[in-house]
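S.K.: In the order they appear, the protein sequences are chains A and B. Residue 37 in our numbering sits at position 3 of the first sequence, with consecutive numbering throughout. Residue 124 in our numbering sits at position 77 of the second sequence, with consecutive numbering throughout.
These are computed hints drawn from the structure, not numbers from a lab. Because the structure is a prediction, the values reported are computed rather than measured. Watch out, some of these pointers could steer you wrong.
A short, non-exhaustive set of chain A residues, derived as facing chain B with CB atoms under 8 Å [said to hold, decoys possible]:
no., residue
1, Tyr91
2, Gly117
3, Asn119
Using N, Cα and C, we set each Cβ at its ideal position, and we do this for glycine too.
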Amino acid sequence: MKVTVKLFALLSRYLPPGASKNQAVLEVDEGATPTAIMSQLNLPREYCHLVLVNGVYLEPSAREAHILNDNDTLAMWPPIAGGGNA
Amino acid sequence: MDFNESQIERYARHIILPEVGGTGQAKLLQSKVLVVGAGGLGSPLLLYLAAAGVGTLGVIDDDAVSLSNLQRQIIHKTARLGTPKTESALGAIAEINSDVTVIPHTERLTVDNVMARFADYDLVADGSDNFATRFLINDACYFSKTTLVSGAILRFDGQLATFKAHLEGNNPSYRCIFREPPPPGLIPSCAEGGILGAIAGTVGSLQATEVLKELLGIGDSLSGQLLIYDALGATFRQIRVKRDPMCPLCGENATIKDLSLHRAAAQDEPCAVS
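Please construct the entire structure, taking both the sequences and the accompanying hints into account.
M.R.: Set out below in C-alpha cells:
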C-alpha cells in the first residue's frame with residue numbers, strides 16, 4: 035500500500051531520493067505503523083517529536099500500535115530546544 | 048488600583064481594548080513573570096512584557112553578552128559586550144518602563160534552585176536553549192502548579208506551546224508530547240545549527256502575546272495546542288495535542304513523583320540556561 039510521508043525541518047534529509055520538497059509517497063507493508071515507517075527510513079525515533087496521521091496528532095504511546103491505511107498521510111517534526119541564547 | 052496620569056497615558060492603547068481595560072492593565076502591573084534565558088527568545092519577551100507593564104519580571108541567565116549574540120538578541124547592545132545578560136536586560140528595561148521591577152537571577156537554573164525560583168512567580172516563560180533545562184522547567188512547573196509558556200527555535204523553525212497540566216481537562220504537559228530528552232548531540236543547538244535572527248523576534252513576540260493572554264485570561268489558550276512556524280515555507284500550523292494517559296509525569300500511572308531524576312541527569316551533564 036502507499037503512504038505519503040511528510041518530513042519537516044531537519045527530518046527532510048531522511049526522505050528517499052526523488053522526494054519533492056518535504057514529502058514522498060512510500061510503498062509500505064500492509065499493517066505498517068508509524069514506527070515501522072521510521073525504521074524503513076532509518077529515522078531515529080528520538081527525532082520524531084510530533085507525529086500526525088492525516089493531520090491528527092498521535093501521542094507517543096500510540097505510535098507503535100497505530101495501523102496505517104492505504105493513502106494515509108504521515109507527517110513528522112523533530113524536537114527543537116533552541117532559545118537563540120549562545 | 049489607581050493609575051497616575053502618566054500610567055493612563057502610557058497604557059492608553061491597552062486600556063481602550065475592552066478585553067484589557069483598566070482592570071486588565073492593573074492585573075498586568077500586579078503580575079510576576081519569570082523569563083528563563085535573556086537571549087534570542089528572552090529579548091523580545093522581556094521587551095514586550097516590560098512595555099506592557101508586567102509589574103515584576105524575573106530574568107534568569109548566567110551568561111554575558113558576546114558579539115555573536117547581537118545578530119538576534121535585541122535587548123542587548125554593542126556597548127554592553129561582556130556584561131552579564133541579566134544586568135544588560137535590566138538596564139534596557141529601566142530605559143523603557145520604570146513601572147517594572149526587574150529581578151536579575153545571574154545563575155543557572157538547577158534542580159536545587161528551580162522550585163524556590165518558581166515559587167515567587169505567577170507564570171514562567173521558557174526561552175532556554177537545551178533539552179535538559181526544558182524538561183526541568185516543565186516538571187517543576189507541573190509540581191509547583193505554574194503555567195508555562197514555552198518557545199523554541201532552530202535554523203528556520205519555531206515551536207510555541209502553553210502547558211498547564213496541573214489543571215483538569217485536555218491540558219497536556221511537555222512530557223505527554225515528548226517523553227525524555229534526546230541523547231546529547233542528536234539535535235543541534237542554535238550555536239551548532241544556526242538561527243535566522245528575526246525568527247527569535249517572531250517566536251519571542253508570539254510567546255509574549257501568549258503570556259499576556261494567560262495573565263489577562265483572555266482568548267483561546269495555547270494549552271493543548273502546538274503552533275509550528277516554518278519560516279522558509281512561510282506557514283504556521285496549529286496542531287491539537289492531547290494529554291497522554293501513559294505520560295510518566297501527569298498520566299494515570301505517573302512514575303515521576305519529584306525532580307530527583309534531574310539530579311541524576313545533572314551529574315552527567317550540567318543543566319545550563321545559556
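S.K.: Checking each numbered hint in turn, tell me which of them this model violates, lowest number first.
M.R.: none
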